[in-house]
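Guided by the hints, dock chains D and Y onto chain Z, whose structure is given.
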Amino acid sequence: MLVERWISARIQLRVGPRHTGPYGTLQTVADIVKLLMKEDVRPVQADAMAFRLGPMLTAVPAVMSFAVIPFGAPLIMRDLNVGVLYFLAVPGVTAVGLLLAGWASYDNYSFLGGLRSSAQFISYEIPRTLVVVGVAMLAGSLRMSDVLEAQRSVPFVLLLPLGFVVYIVTTLAEINRTPFDIPEAESELVAGYHTEYSGFRWALFFLAEYGALFAASGFAAVLFLGGGNGPLLPPFVWFLIKTLAIVFLNMWVRWTLPRFRSDQLMRLAWKVFLPLSLVNLVLAGLVLQAVN
Amino acid sequence: MTPVLVLSAVLFATGMFGVLTRRNAITLLVSVEIMMNAGNLNLVAFSRLYQPELMTGQVFAIMGIGIAASEAAVGLALILTIYRRYGSTDVDRVRLLRE
Amino acid sequence: MGGGQAVLFVVMGVAAAVSALYAVLTRQLLRSIMALGAFLTAVAVEFYVLSADFVSLVQIFVYVGGVVVLMLFALMLSASGERHPMAGADRAGLGAVLAYLVGGVLAVTALRADLPEPGAFPEQTVSYLGRALLAEQLFAFELMGVILLAALVTALVVVRKERQ
Numbered sequence: 001m002l003v004e005r006w007i008s009a010r011i012q013l014r015v016g017p018r019h020t021g022p023y024g025t026l027q028t029v030a031d032i033v034k035l036l037m038k039e040d041v042r043p044v045q046a047d048a049m050a051f052r053l054g055p056m057l058t059a060v061p062a063v064m065s066f067a068v069i070p071f072g073a074p075l076i077m078r079d080l081n082v083g084v085l086y087f088l089a090v091p092g093v094t095a096v097g098l099l100l101a102g103w104a105s106y107d108n109y110s111f112l113g114g115l116r117s118s119a120q121f122i123s124y125e126i127p128r129t130l131v132v133v134g135v136a137m138l139a140g141s142l143r144m145s146d147v148l149e150a151q152r153s154v155p156f157v158l159l160l161p162l163g164f165v166v167y168i169v170t171t172l173a174e175i176n177r178t179p180f181d182i183p184e185a186e187s188e189l190v191a192g193y194h195t196e197y198s199g200f201r202w203a204l205f206f207l208a209e210y211g212a213l214f215a216a217s218g219f220a221a222v223l224f225l226g227g228g229n230g231p232l233l234p235p236f237v238w239f240l241i242k243t244l245a246i247v248f249l250n251m252w253v254r255w256t257l258p259r260f261r262s263d264q265l266m267r268l269a270w271k272v273f274l275p276l277s278l279v280n281l282v283l284a285g286l287v288l289q290a291v292n
Numbered sequence: 293m294t295p296v297l298v299l300s301a302v303l304f305a306t307g308m309f310g311v312l313t314r315r316n317a318i319t320l321l322v323s324v325e326i327m328m329n330a331g332n333l334n335l336v337a338f339s340r341l342y343q344p345e346l347m348t349g350q351v352f353a354i355m356g357i358g359i360a361a362s363e364a365a366v367g368l369a370l371i372l373t374i375y376r377r378y379g380s381t382d383v384d385r386v387r388l389l390r391e
Numbered sequence: 392m393g394g395g396q397a398v399l400f401v402v403m404g405v406a407a408a409v410s411a412l413y414a415v416l417t418r419q420l421l422r423s424i425m426a427l428g429a430f431l432t433a434v435a436v437e438f439y440v441l442s443a444d445f446v447s448l449v450q451i452f453v454y455v456g457g458v459v460v461l462m463l464f465a466l467m468l469s470a471s472g473e474r475h476p477m478a479g480a481d482r483a484g485l486g487a488v489l490a491y492l493v494g495g496v497l498a499v500t501a502l503r504a505d506l507p508e509p510g511a512f513p514e515q516t517v518s519y520l521g522r523a524l525l526a527e528q529l530f531a532f533e534l535m536g537v538i539l540l541a542a543l544v545t546a547l548v549v550v551r552k553e554r555q
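Those sequence lines, one after another, are chains Z, D and Y. When the count follows our numbering, it moves up by one through the first sequence with no breaks and lands on 292 for the last residue. When the count follows our numbering, it moves up by one through the second sequence with no breaks and lands on 391 for the last residue. When the count follows our numbering, it moves up by one through the third sequence with no breaks and lands on 555 for the last residue.
In isolation and in its complexed conformation, chain Z is listed as follows (with noise of 0.2 Å):
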């Protein structure tokens, strides 16, 4: 979080925080203490238990998604035998949390931020799930442990750089962050599904956005890039530098690029990544007799 301040504040020509402790290195301390001393604000009309709901609902799937990640050769919590599809399942309840935290809060700005959320998020998920079965198919299992595997000499970059893209893309929409931010764009709707929330409730929105950043950054890593395979270094070092060039790429395009509208959003979504994705797939069925 304070890393994304510092890139957002040098690339858009400003200082950037730097007052609290060393070079402003507890920022993000001061704030989640900021955060938390907050009061605990609800609107009258708002349905109290939905409104708990919602923030809890994004943020527990963003966490969850972490258990199927291999951080490194035997850094991974559970390596379910279908693993690839836990990762694409688990934070599709969070498209949930978003309506009913729109919902919830008795508001027409959240409301709208709500729906246009979810329904990007589906949009979205589809393509970015056709991708994932591309890299299944080379990978020939749903195993997180067996992708890494398969990718031992030729990360799958190379052989469906086209996925990679289209994966990028969909997830940055997936998990709402500029140029795809509809959802809680700043100069229509306020801030969207989360206008009404404060303090705790607000930092678990927060959370879920950067968790799931991590996550799908993460997983990336492992899908495309081949995780932690790479010389010299140790696979979790490997990993790590992988993940975070991810990240860094995503906050990179968040500061530089301008927001899309949301009738384009759902264009892109259903004229452009559907068949892109399903062209990777052929690409990959191509690439799998290659090998063969």
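Be careful, since some hints might not be right.
[As the list claims (entries may be wrong)] Which chain Y residues face chain Z? A few, computed with CB under 7 Å, are given here:
#1 D444
#2 F445
#3 L448
#4 I451
#5 F452
#6 V455
#7 G456
#8 V460
#9 L463
#10 L489
#11 V517
[Unchecked claim] Pair by pair, the computed Cβ-Cβ distance ranges are:
#12 Y:E514 <-> Z:M137: 18 to 24 Å
#13 Y:V496 <-> Z:V279: 50 to 56 Å
#14 Y:A397 <-> D:T373: 42 to 48 Å
Hints listed in this document are in silico derivations from the structure and should not be mistaken for laboratory results. For each residue, glycine too, the CB sits at the ideal point set by N, CA and C.
Then chains D and Y, alone, in the frame of chain Z:
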């Protein structure tokens, strides 16, 4: 094995109770989904009983989930249309099936 | 089933039964759909306990990430939060008696049935499932695709007609 079947029977009964008593279309759909899940639970349990390596029951369950998804899509489309027409999702108020 | 798994099975079974009952009984549609979400998750865990891990994740993927979201959408586009009454008391009583009679018959049959000892699924569920889906049950699999396509088109047509 038996616990699964009993659980499935309880769930099925609950879903059926909903279908019989509730009058809101969306709740009806929720109840039907509960019944279908009870069925899927049974399918997976019986798949273990007879030739687990063939996975026939699991394949059935996956089909069931797929059917449920398409059923929900069509059902909800119908509900939306009914709502636009009658301003309610109460199935008792829907008496005409034609224009 | 080991000891831990048996406990998990019972806990999730109770959770599933309670959330199903709540989904059916509550008068608020939003609560009902949320309870359905909880119920579906509990059933997914039950699938996992029965070592059908693929089915369990498909359940989460399609139901919780798909059907529940769809229902929420429908709810938000139609009746917003109004309360929906049960049927008249006599009908509710009759419904309960009838439904739980059927459930009771099913449960008693299950308890009295002389079932063979269940086997275990192979360790590599996914590859066996893949073979089953794309070889032995290929026809059903393709039929599934046709049904999904038909449902997609139907849903579009039904929603669209009204606009003209």
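Right, here's what the structure says about each hint:
Annotation: D444 of chain Y was flagged as interfacial toward chain Z, and the flag holds, the nearest CB pair being 5 Å apart, inside 7 Å. A distance limit of 7 Å between C-beta atoms decides the matter here; for F445 of chain Y the minimum to chain Z is near 5 Å, and the interface restraint holds. A hinted interface residue such as L448 of chain Y counts as satisfied when its beta carbon comes closer than 7 Å to some beta carbon of chain Z; here the least separation is about 5 Å, so the hint holds. Given hint, I451 of chain Y at the interface with chain Z, holds; its Cβ is 4 Å from that chain's nearest Cβ, closer than 7 Å.
Nearest Cβ of chain Z to the Cβ of F452 of chain Y: about 4 Å, under the 7 Å cut. The hint holds. The interface hint given for V455 of chain Y is met, as the beta carbon of that residue sits about 5 Å from the closest beta carbon of chain Z, less than 7 Å. With a cut of 7 Å, the hint placing G456 of chain Y at the interface with chain Z holds, because the nearest CB-to-CB distance is about 3 Å. Interface restraint check for V460 of chain Y: the shortest CB-CB distance to chain Z comes to about 5 Å, inside 7 Å, so the restraint holds.
Taking 7 Å as the C-beta contact cut-off toward chain Z, the hint placing L463 of chain Y at the interface holds, the least distance being around 5 Å. Hint on L489 of chain Y is violated. Least Cβ distance to chain Z is approximately 31 Å, over the 7 Å limit. Taken as an interface hint, V517 of chain Y checks out: its beta carbon lies about 5 Å from the nearest beta carbon of chain Z, inside 7 Å. Take E514 of chain Y and M137 of chain Z: their Cβ atoms lie about 21 Å apart, and the range 18 to 24 Å holds.
The given range of 50 to 56 Å is respected by V496 of chain Y and V279 of chain Z, whose C-beta atoms sit roughly 54 Å from each other. Between A397 of chain Y and T373 of chain D, the C-beta spacing of about 47 Å keeps the proposed range 42 to 48 Å intact.
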